[in-house]
Structures are given as C-alpha cells and as structure tokens.
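This is what each chain is made of:
Protein chains: 2
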Amino acid sequence: MNNLVEKLLQGDRRSAARLITLIENDAPEKKDILQQIYPYTGRAHVVGITGSPGAGKSSLVDELTREIRREVLKVGIIAVDPTSPFSGGALLGDRIRMQEHATDRGVFIRSMGTRGSLGGLAQATRDVIRVLDAFGCDVILVETVGVGQSELDIMHHADTTLVVLTPQAGDHIQTIKAGIMEIADIFVINKADLGGSGKMVTDIETMLDLSPLVNGWRPPVLTTIAIDHQGIPELWAAIKRHKAWRKENKAGANRERVRRELAEIIQRYLYQLISRELDERFEHLLEKVAERQLDPYSAAMDIIKQSWKGGLP
Amino acid sequence: MNNLVEKLLQGDRRSAARLITLIENDAPEKKDILQQIYPYTGRAHVVGITGSPGAGKSSLVDELTREIRREVLKVGIIAVDPTSPFSGGALLGDRIRMQEHATDRGVFIRSMGTRGSLGGLAQATRDVIRVLDAFGCDVILVETVGVGQSELDIMHHADTTLVVLTPQAGDHIQTIKAGIMEIADIFVINKADLGGSGKMVTDIETMLDLSPLVNGWRPPVLTTIAIDHQGIPELWAAIKRHKAWRKENKAGANRERVRRELAEIIQRYLYQLISRELDERFEHLLEKVAERQLDPYSAAMDIIKQSWKGGLP
Numbered sequence: 059m060n061n062l063v064e065k066l067l068q069g070d071r072r073s074a075a076r077l078i079t080l081i082e083n084d085a086p087e088k089k090d091i092l093q094q095i096y097p098y099t100g101r102a103h104v105v106g107i108t109g110s111p112g113a114g115k116s117s118l119v120d121e122l123t124r125e126i127r128r129e130v131l132k133v134g135i136i137a138v139d140p141t142s143p144f145s146g147g148a149l150l151g152d153r154i155r156m157q158e159h160a161t162d163r164g165v166f167i168r169s170m171g172t173r174g175s176l177g178g179l180a181q182a183t184r185d186v187i188r189v190l191d192a193f194g195c196d197v198i199l200v201e202t203v204g205v206g207q208s209e210l211d212i213m214h215h216a217d218t219t220l221v222v223l224t225p226q227a228g229d230h231i232q233t234i235k236a237g238i239m240e241i242a243d244i245f246v247i248n249k250a251d252l253g254g255s256g257k258m259v260t261d262i263e264t265m266l267d268l269s270p271l272v273n274g275w276r277p278p279v280l281t282t283i284a285i286d287h288q289g290i291p292e293l294w295a296a297i298k299r300h301k302a303w304r305k306e307n308k309a310g311a312n313r314e315r316v317r318r319e320l321a322e323i324i325q326r327y328l329y330q331l332i333s334r335e336l337d338e339r340f341e342h343l344l345e346k347v348a349e350r351q352l353d354p355y356s357a358a359m360d361i362i363k364q365s366w367k368g369g370l371p
Numbered sequence: 059m060n061n062l063v064e065k066l067l068q069g070d071r072r073s074a075a076r077l078i079t080l081i082e083n084d085a086p087e088k089k090d091i092l093q094q095i096y097p098y099t100g101r102a103h104v105v106g107i108t109g110s111p112g113a114g115k116s117s118l119v120d121e122l123t124r125e126i127r128r129e130v131l132k133v134g135i136i137a138v139d140p141t142s143p144f145s146g147g148a149l150l151g152d153r154i155r156m157q158e159h160a161t162d163r164g165v166f167i168r169s170m171g172t173r174g175s176l177g178g179l180a181q182a183t184r185d186v187i188r189v190l191d192a193f194g195c196d197v198i199l200v201e202t203v204g205v206g207q208s209e210l211d212i213m214h215h216a217d218t219t220l221v222v223l224t225p226q227a228g229d230h231i232q233t234i235k236a237g238i239m240e241i242a243d244i245f246v247i248n249k250a251d252l253g254g255s256g257k258m259v260t261d262i263e264t265m266l267d268l269s270p271l272v273n274g275w276r277p278p279v280l281t282t283i284a285i286d287h288q289g290i291p292e293l294w295a296a297i298k299r300h301k302a303w304r305k306e307n308k309a310g311a312n313r314e315r316v317r318r319e320l321a322e323i324i325q326r327y328l329y330q331l332i333s334r335e336l337d338e339r340f341e342h343l344l345e346k347v348a349e350r351q352l353d354p355y356s357a358a359m360d361i362i363k364q365s366w367k368g369g370l371p
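Chain order of the listed sequences is A and B.
Per this note's numbering, the very first residue in the first sequence carries number 59; after that it's consecutive.
Per this note's numbering, the very first residue in the second sequence carries number 59; after that it's consecutive.
Read the hints as simulated data drawn from the structure, not as lab findings.
Treat the hints with care, since some could be wrong.
For identical chains, the list gives no copy identity; a pair is met inside one copy or between any two copies.
Said to hold, decoys possible - Quick list of in silico lysine to aspartate or glutamate cross-link-like pairs, EDC-like style, CA-CA up to 20 Å:
#	residue 1	residue 2
1	K363	E335
2	K367	E335
3	K367	E87
4	K65	E87
5	K367	E349
6	K363	D353
7	K363	D90
8	K305	E349
9	K89	D185
10	K301	E82
11	K308	D196
12	K346	D286
Keep in mind it's a predicted model, so treat the numbers as computed, not measured.
Go ahead and model the full structure; you've got the sequences and the hints to work with.
Listed below in structure tokens is the structure:
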C-alpha cells in the first residue's frame, strides 16, 4: 500500500493534504490511491451547501462547523469555486476568517478551484471527499460559490443538500429555476433578520405543497441568522434527521449514484483512448472531416461501430 | 431534406429560430439536421467575446455589430450564459437595449442559457453556430457572461477570440490566470476613459514580450470606449487582420478542432450507451460496486476491457 495512504488511514493531516494535491493534479498514481482508499470510504456524511451568491454560505459553514464540533465529531470542509479561472482569492479570504477552526485539529479545510474541465472538477470533488472520508471525517461540508450547472453536478455527491437563500436579494421563488429547488433536502433562509423571511418560508412551503415528494422526504424550511448562530442547532438537528431518513431509504439513490459515477469514469477513460486513436487508427476519418468531405456525426458513428462491442444508439 | 433546413438555406429567419430550438431541446431529429447542414457551414467567421463581468462586453458587441453592418455583412449574435440555472433575465435585458439591431433583418440575435450539462452547452453553442453559418451569417459574435471554464470551452469554437478587460475593477494582469491570457487573439481594454488603461496596455505588452508566440500571431492590445464607438473601427480592422492571418495558418488549428469535436461527439454517444448497458450487460458489476465489494475504478476498467475493441489506457 502507498505510504501516504497508510498514514492517511492513521489520521495524518499532512498525508491527507498531499494526497489531495496529487488528485487535483491528476497525478499518475491517482487511480491506485483511489482504489486503495475506496474500502475505507462510505462512512462520512456529506453535506452540500449551495445557493445564491451573497446568501452567507461561508458564515453558515463556519457556524455549522462550530455546532458539529460540540459533539466532538471530525469535520472536513471543501470550498469549491468552479466559476472562475481567476485566482480563488475570495474563497481563501473567507477561509482566513475561520481562524478558530484553522487551529482546531478536528477540522480539515481545503479550497478547490477550476482545474481541467468542469466535469473534472465535480469528479475531483468526489475524489477529495473520499480522501477526507478515509481520513476519518464524520461530516464533510462541501460549499460551492454559486448555483451554476457545475455546482449542481457537485451536489450530486452530497448525502444532504442545503439550498441557502436570503429573504431579499431577488431570491423570490418564482425566479429560482426548478433544478435548484429539486435538489434541496433542506431549505435555509439565512439573514432572516433582513425581513421578508416569513413570506419566503410561506412561498416555499406552498411550492412544496404543490410538488410531489421524492421518496417521501419533505424538505424542511428553516430560518437562520448564521453570524449570530441563530437557528444553527436546529439546522444541525434537521441534517441528522435527514441522515437517519436517508439510511432507511437510500438503496435506490445509492444505485443511481454508483451508475452515474461508473458511467463518468468510463467516459473519461474512453475520451483519452479516443483522442489517441484519432491520431492513429482513425486518422483517415479525421482527415476527411477536416477537409469537410465527411460530417463529424457520421464519422463519430462510424468510429463507434468499429470500436464498441455493445449495442449502438 | 428536412423542410426547415431547406428554408434555412434560403435565409428564412423563422426556420433558423425553430432549428435552434430543436437543437437546444436535444430533439430526436437533431443529428439529421446537423448532418444536412454541415456541408453548408465553415464560411462564417466566428468571433468569441469573453472577459471579466462588467467589462462592457454587451456594449462592445452592439457597437461591433453596428460597425460590421456598415459593410452590409450579415451578423449573428449568440449570447451565452452558462453561469446560472436562474432565468437568463440579465442577458435578455441587455438584448432589449439592442432595439436598433432587433429590427435589422441583417442581424440575428439568440440567447442561450444552461441546458443539460456544461459540456452540453459548449456543444450546443457550436451547433447553433453551424445553423447561423448555414443561414448565411458572414460574422457570428459569441458573447459569454463570465470567464469560467465553460466560457473557455465555448471559446474553442471561435476563430478569433477577444478578451475584454477594464483598466480598473481588479483586472490587473497578475490576477488573471494563464488560461484566459492564452486564448486571446486580441486584447480589448474597454472603458478606456476610466483611466489606468495606458498602464494596463503596457503591462499586457510586457507579458506578451515574455510569452512565446503561438504560430507567430502576436495579439494586439486595443483600447475602446464602446458606448462612444471609440476604437471600434480599429477593433473590426484587427479582427479582419486576424481572419486573414488565420486563413494562411489554420491547418493545424483546424485539425485540432476537428479532433476535439469528434472525441466529444463519440464520448457523448458512448455515455448514453454505457448508461443503458450498466442496467443490462453490466448490472452485476454495478451491484458489486453499490455493495462496496468492488471499487468503481476497477469496475470501469473491466467494462472497458469487455466493450472497447481498441487499445487500453
């Protein structure tokens, strides 16, 4: 077994940090590392935190961490910024606020920025979750910056997803697309002191009345004032309730998640294989398309017919 | 041939709009449509416009359109917002400004929001470019909202990429990641009246002095005040210069682009095939991973060995 992995399983922080860097950099040993770690994963509860910019997600994560630490549970925090190839200054800045947690050996904090393709970022996030899981984190909080498509992809890796909104700032439910509302296991109306939160709760509850329940879980709608720790114990309790519920009802969701992961890993491997073979086995087709003698859709289908042993589209 | 495609090739606007909608909705006839259109594409010059939020990209597109229309060329505008599943209100709002162009039969404007996966959005953008190309647009301006990874992906479809910055608003070149600087064929410092643009030009020129030229093209650094049309004729002249240069030097870039497109289309088809087969041929492996008896990386490799006739990773 890889020496770093051995140390990781003993709870060594530096090994955790180094393994995450290897994964982020897509190092050659990545596949081996993940294979070795896999049997030690599946224990942590992963909480995804998404929502509109300015909703106070970072403060919420801070206070939630403080709350969870009261139970002496080990917490991992992954802050993901998929929006910008500009440096992740804002997120790191936020994280500097977390002085209290930074010196707490029971909290492991990591920021992730844009690396490779976006699909790659969601996959890298899943892999980093696995490292922190094997590292022994009981709860892993995954915070994203905005609510774009990549954030939705990342939330697929969460066991419990919090959608954080504010009563103001244009977060009226009619402006929020279905994709966001559907992934919420718990709604959090943060900055509840701003006013208007009562109406927002009513609006979301009304919407939920009209929506079919997914597997019987009705997302609670909670109000918080994160910077004052108000509503945070109730939020943590709701997360634990959802965790317990999920344990009873997870079979279908888990299968779906595994299916998705397998398809993604296979697709990724095949992309590398195809890119290589386009310069070798299929160079004549590539040339034909480049010279516009053949359209790319027919060429692609031809290549699949020649390379894929299973059924065709 | 599809009736809509026939009408498209005759320059019918409504057919263009309907074909784009079919493509965006991933309609079953999409593949046929794109195959039929393909031979009539490759004529338009595609200009990508990206840069930091608030850099005035929309105004720049407006004024560039006005400039191009002076030569009685047909212009297509595709405004892409990949950042948010929230409704594309902002972009559409911007577009309402374009009253002048909206009634101009020589300008076709289309907004695109997040649909399906992000890879999907970049691919959909390319397909919409093809429709407007076959429709007879001489120049297609593709404007993105921000500078995230998906914007970079979309810019791969441009023949000429403009990176738009402002002299203020934190756009100091040391904060701009390499990914952005490398895709620029032309730098545009917009809002040059804000002051500080001289220093910004010098900084970028210094950076270019230190960077190796890609195929011998050195990106010019232009200053504009889009809302006053200042610098716009010079920008259009620079785009035409780049177009001419590209014509002389495009062989390698074109091959790379075709390779990328083929790999993406194949990958997309295969993802559908794999997802289906995971419920059929490979259900036993899926079950094993779901029960954590097997790690997903080994399962993926096993499936590839059984399904892919070519070489392995």
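Reference check for the pair K367 and E349, CA-CA at most 20 Å: within, between, both, or neither? neither (29 Å within a copy, 27 Å between copies)
Is it within, between, both, or neither for K89 and D185, if the alpha carbons may be no more than 20 Å apart? within (10 Å within a copy, 35 Å between copies)
Since the copies are identical, ignore which copy is meant and state whether K363 and E335 lie within 20 Å (CA to CA) inside a copy, between copies, both or neither. Intra 14 Å, inter 16 Å, cutoff 20 Å: intra and inter.
Classify it for me, K308 with D196: is the Cα-Cα distance of at most 20 Å met within a copy, between copies, both or neither? within (18 Å within a copy, 54 Å between copies)
Homomeric proximity label, K301 with E82: Cα distance no greater than 20 Å: neither (29 Å within a copy, 37 Å between copies)
For K305 and E349, with the copy left unspecified, which applies at a CA distance of at most 20 Å: within, between, both, or neither? between (56 Å within a copy, 14 Å between copies)
Are the CA atoms of K346 and D286 at most 20 Å apart within a copy, between copies, both, or neither? Neither: 65 Å inside a copy, 46 Å across copies.
Indicate which option fits the pair K65, E87 if close means a Cα-Cα distance not exceeding 20 Å: within, between, both or neither. This pair counts as within: shortest intra-copy Cα distance 16 Å, inter-copy 55 Å.
20 Å Cα threshold - placement of E335 relative to K367: both (16 Å within a copy, 11 Å between copies)
At most 20 Å between alpha carbons: which applies to K363 and D90, within, between, both or neither? Between copies only: 18 Å across chains, 32 Å inside a chain, cut-off 20 Å.
Same-copy or cross-copy closeness of K363 to D353 [CA-CA at most 20 Å]: Within one copy only: 16 Å inside a chain, 29 Å across chains, cut-off 20 Å.
I want to check one pair: K367 and E87. Are their C-alpha atoms no more than 20 Å apart within a copy, between two copies, both, or neither? For K367 and E87, neither the intra-copy (29 Å) nor the inter-copy (25 Å) Cα distance is at most 20 Å.
Comparing the model with each earlier hint shows violations of hints 3, 5, 10, 12; every other hint is respected.
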